[in-house]
Amino acid sequence: GALVYQYPRRTICKSGTSMRMECQAVGFQATSVAWYRQSPQKTFELIALSTVNSAIKYEQNFTQEKFPISHPNLSFSSMTVLNAYLEDRGLYLCGARDWGSYEQYFGPGTRLTVL
Amino acid sequence: GDSVTQTEGPVTLSEGTSLTVNCSYETKQYPTLFWYVQYPGEGPQLLFKVPKANEKGSSRGFEATYNKEATSFHLQKASVQESDSAVYYCALSPYGNEKITFGAGTKLTIKP
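Just so you know, the sequences run in chain order G and S. By our numbering, the letter at position 70 of the first sequence is numbered 70, and the numbering carries on one by one without gaps. By our numbering, the letter at position 96 of the second sequence is numbered 1096, and the numbering carries on one by one without gaps.
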């Protein structure tokens, strides 16, 4: 079956430091990966959509300078939160779209706590 | 831009009662509509999706009809179970667009 893994599941970082999170698609080829953030008491906000061999498209209020993304192949993507502050805490979700079925599968998320 | 509005939670029901979670949407494009369910500590899981107007989606006893005229996609279940306790998200994705816009979520708690 199609699965999406995310690493780490939980992480804590000091204010002003950076942390990297990873997303792995297993059992399918992910033509695109969408990164979302679920802040406390809020719904999922799209950060950026990454398609292999295309430019990464960031949503308003999110920038490459703050959330650089790497998407080197059809099964892996990573995103870094640079200079994390309190407002960056939340659950970061990776949604990978299956090239064959066009279904989008979500991982369990990386929960970021900023001290 | 696109938006999704759904019943504000939390919603608490007794086992065996019926459920309706309202969902309305706004978009200038023709969307596919989704219901996702999220359990504690997990990412959202697709409950079902409906790509065409006037069609119904269903899974695990839940169902919703894509009403294009009313721009609604209400989630219903005739008899809820304790295991249905979770957060439910209504969402849309315009045709040809990979972005999914989620509603705020409705936390559902079912008491035995």
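Don't take every hint at face value.
[Stated by the list, open to error] Simulated DEER-style distance windows between Cβ atoms: (1) R20/G <-> G1041/S: 31 to 37 Å; (2) Q41/G <-> Q1029/S: 27 to 33 Å; (3) K1056/S <-> V52/G: 30 to 36 Å.
Please keep in mind that the hints were generated in silico from the structure rather than gathered at the bench. All C-beta atoms, glycine included, are put in the ideal place defined by N, C-alpha and C.
Can you give the numbers of the hints that this structure goes against, from lowest to highest?
1
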